[in-house]
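Chains as they are written, first to last, in the working numbering: chain A, 8 to 328; chain B, 3 to 504; chain C, 24 to 183.
In case anyone wonders, no lab produced these hints; they're calculated from the structure.
Misleading hints may appear alongside valid ones.
Here are the simulated DSS-like cross-link-like pairs (lysine-lysine), alpha carbons at most 30 Å apart as the crow flies [as the list claims (entries may be wrong)]: (1) B:Lys385 - B:Lys428; (2) A:Lys156 - A:Lys220; (3) B:Lys164 - C:Lys32; (4) A:Lys151 - A:Lys230; (5) A:Lys115 - A:Lys311; (6) B:Lys428 - C:Lys32.
Keep in mind that this is a model prediction, so the values were computed, not measured.
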Amino acid sequence: MKKVYFLVVLCCLVALPTLALGAGFPAKQITIDIGYAPGGSTDLVIRALAAETSKILGQPILITNSPGAAGNVSLGKIKSQKPDGYSLSAAPTANVYRIPHMQKTPFKASDLVPIGEFSQYQYGVAVRSDSPWKTWEDFIAYAKANPGKIKYSTAGIGTGQHLGMEYVAQKNGIKWTMVPFKGGVEASMAVLGGHVDAISQTTEFKDHVLAGKMRMLLAWNDKPLISFPNVPTAKQKGINVQVATGITLWAPKGIPQDVVETLATAFAKAAQTDAVKTVCLKFDMPNDFLGPKDVAALVRTQDKVMGDFIKSLGLGIYSKK
Amino acid sequence: MIDAVVTGFSIALLPQNLMFCFVGCLIGTLVGVLPGLGPVAAISILLPTTFNISPVSSIIMLAGIYYGAMYGGSITSILVNMPGEAAAVITCRDGYQMARKGRAGSALGISAIGSFVGGTVSVILLMLVAEPLAGVALAFGPPEYFALMTIGLVVVTFLAGKSMVKSLLMAVAGLFLGCIGMDTISAQSRFTMGFTFLDDGLGLVPVIMGLYGMGEVFANLEGNLSVSIFETKVKNIWPTIADIKRSLGAILRGTGLGFILGILPGGGAVLSSFVSYGVEKKLSKHPEEFGQGAIEGVAGPETANNAATGGAFIPLFILGLPFNVVTAILLGAMIMYGLRPGPLILATDPGFFWGVIVSMYVGNAMLLVLNMPLIGLWVKLLKVPYALLLPLIVIFCIIGVFSINLNISEIYVMLIFGVIGYLLRKLDYDAAPMILAMVLGPMYENALRQSLILSDGSYHIFMTRPISAVCLVVAFLLLIVPNVPQVAFWRKKAIVEASDDY
Amino acid sequence: MLNRTQDQKSGLFWFVAGAVIVYFSMEYDLGDRHAPGPGYIPLITGLCMMLLACVLVFRDIRRERESISSLFRSTNWLRVTITIFALLAYAVLLPYTGFLIISILLMYYLIRAAGSYGRGVSAGAAILFSACSYYVFATLLEVPLPAGLLYEWMQGRFGQ
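Just chain A, same shape as in the assembly (with noise of 0.2 Å):
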């Protein structure tokens, strides 16, 4: 008996220092589940990214990769995860303001508290060489002439490059048609191989571009492309819809304000080195980050106008089967 009570003292006094580590965060490893496979473009550069963090912090973080369905899987778990700040999850924005307007999904807007955007992927529009459009101008004088004719491709129905597209036919009085494609890779195809007139979608035909046989008409991030910096943006047409989007870090709700800040600080110092910036540039992304308050004002904001926009086209959990 004296014994067991000996070991439990024992074990208290063991555990006592752990109580008081609450006070400082992070006081242990954190851990950020990437909703993608491991050595994609998200997973890399987010890798770079925490390890960069790691060190302001002056603790380990672990990454996982929880991939499926396009980020939701991570999203789903890490909303019932102890609010902490040491477990995020990084998932693309989008995935939360505009996704459950298409389907059904495990999470919701009010389950998640936003740390930061970190980069942007990249968005254009694109049609081969050799036709006759040169400008994004052509292009839609062309469409409205011709209802029906102009076919583009997608890598899915109710993504922000389609949604992009049907706000400009329904601000220009433009009928066209849509064809998706299972990834960017075999929308590509599609365009390169003459079966449709265009794409929109983010740019994995780079080097088609930049070998010549094809020409890209509008960029749909808010500032210019870093491989095409001469490409117009969608801004400066006037088209004010938001495609693109980057890839944000997750904490699931009632995490504390200071931990948030904390986390943020790091993120968009680790964000500004020359490591990180390298590891984007290499897949040709901006190594910008977005803070917490602007993030959960963009959720909100984009949210609304997402929903409403898709109600209006009757697309995903608005169609009428």
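Please build the complex by placing chains B and C on the supplied structure of chain A, with the hints as guidance.
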């Protein structure tokens, strides 16, 4: 071009690159042998460790894993009726039967030889015709894929064993299973019952591991396990001259089929192995042997799946577009190293391109040398009491399935299909048509619906486009001609005459 | 329904399965021949399944074959069933106990179920196999196998 190849050799034959090539091939073979773990998992796992090595060496090693896995995948197919790799599923059929008859050595040997020929020839073709073939790949749009898949579905009927009805039922079931998941065209989740991870579909690996891995385990648990797998004496360690003679045709056809199908997106190695089997069965003078241990049923598919790996590199290098998961990971790796395969590769970095190409040739040779002597070792594996092998197989399947998406739910999928696989064996159904249909189904459906979107609803598009029309005609002929009375008569005559020669 | 042959019983299964598929396919937009919706192809597979099931049963009525109960009679189906449940238990318990413990238990059961080794050898082999697998996969290949609740709790308490 000759000097380019010489440059390639000078890079590929550097001592460190030879070493990495060897390591890659070894790991690939091991990974291929282990049920569950596939080249995708191995490459993703090893990717971070390659960041400290030179880019060319890394790609040489990772590529080695890819085609090495095609060599290794057939070993467990032949020995324990469990494919180590999706592309080795059809090898189980005749390979395992050959092993039961004591001809495991022949099966393993012809598999290695066929793999070598397929892999090497496809690399040579890659060197010669990469650019024009990339153009051909681009010419395939949705209508062309639809027509090609139709040929694929006709091939499913070739796979039918004794009962056509049962094979068709399996195919229809596979078609349905392929529909589980998020529909590409409408972005709706179908039949996922609220499970998020099913949005990506059932997953080929859990299903195959379940049907073949667990199913085989359950079936074996019925009986006496204290004996080793086969009591029959193993007749020969290596294939005989007669074996090689018979397999020649299969190997040649497998190479062509595999290479061409590997260029096209989608199934690649899996599809080519199935199609090769179907073709060999149809062309054979002894079609009734297929399913009982016909060596062509091993030689053809094994050659085809290795040839497909060579074909798959064409779109990766020439177009910069990866057509399957493995090449997609390799592309990410290459980008990390600052290399950009694609239309600019030959201009910016020919050394990398040729270095990797030639190393693939070297790798295939290494694998042949590696695998042939090991056959004796693998055959000895048969002597291990099944009671000990079984738990290992089970645990490897579980880890393998888990390691793909780190999702325990996929283990449940595997178990469910394990029970299904067990029942299928008891009730005399063959799962192969179901697997082929599961792979083809979604591609087929997408191609159909995309084509109809392109044509605004008209079915004429399939006949007005030349490639598509040709493929559809071929599919029609493949279906009808062998059954036409005259042809059937001549084939019967040929079979009778051939059997007289024996 | 006693002693109907195996093909007829499986035919019945296919018919019911096909009907279920048809039913659930109707929940999705079917579209039409010119613009098939997500429910179109599944519906067709369900219908084909029902049709083929009828053909199967019809063909089989003509000839008598082994009844389905005899398929299982002289086999150790009890062992198979228990193994299936054991594997289910494994999957359920895996996140709680972590890889190592539950694998040792599973392996022990499997080796014993095979019937040819005594308790000591089985336990030894189970531990050996599990440890080796863990080493190869978790340590060498860095596959993050589940670590179990106890380990995670300790990690949470004492940091890394």
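Here is how each hint holds up against the structure:
1. B:Lys385 - B:Lys428: holds, 26 Å
2. A:Lys156 - A:Lys220: holds, 22 Å
3. B:Lys164 - C:Lys32: holds, 19 Å
4. A:Lys151 - A:Lys230: Given pair A:Lys151, A:Lys230 holds - Cα atoms ~27 Å apart, limit 30 Å.
5. A:Lys115 - A:Lys311: holds, 14 Å
6. B:Lys428 - C:Lys32: This hinted pair holds, its Cα atoms lying about 13 Å apart.
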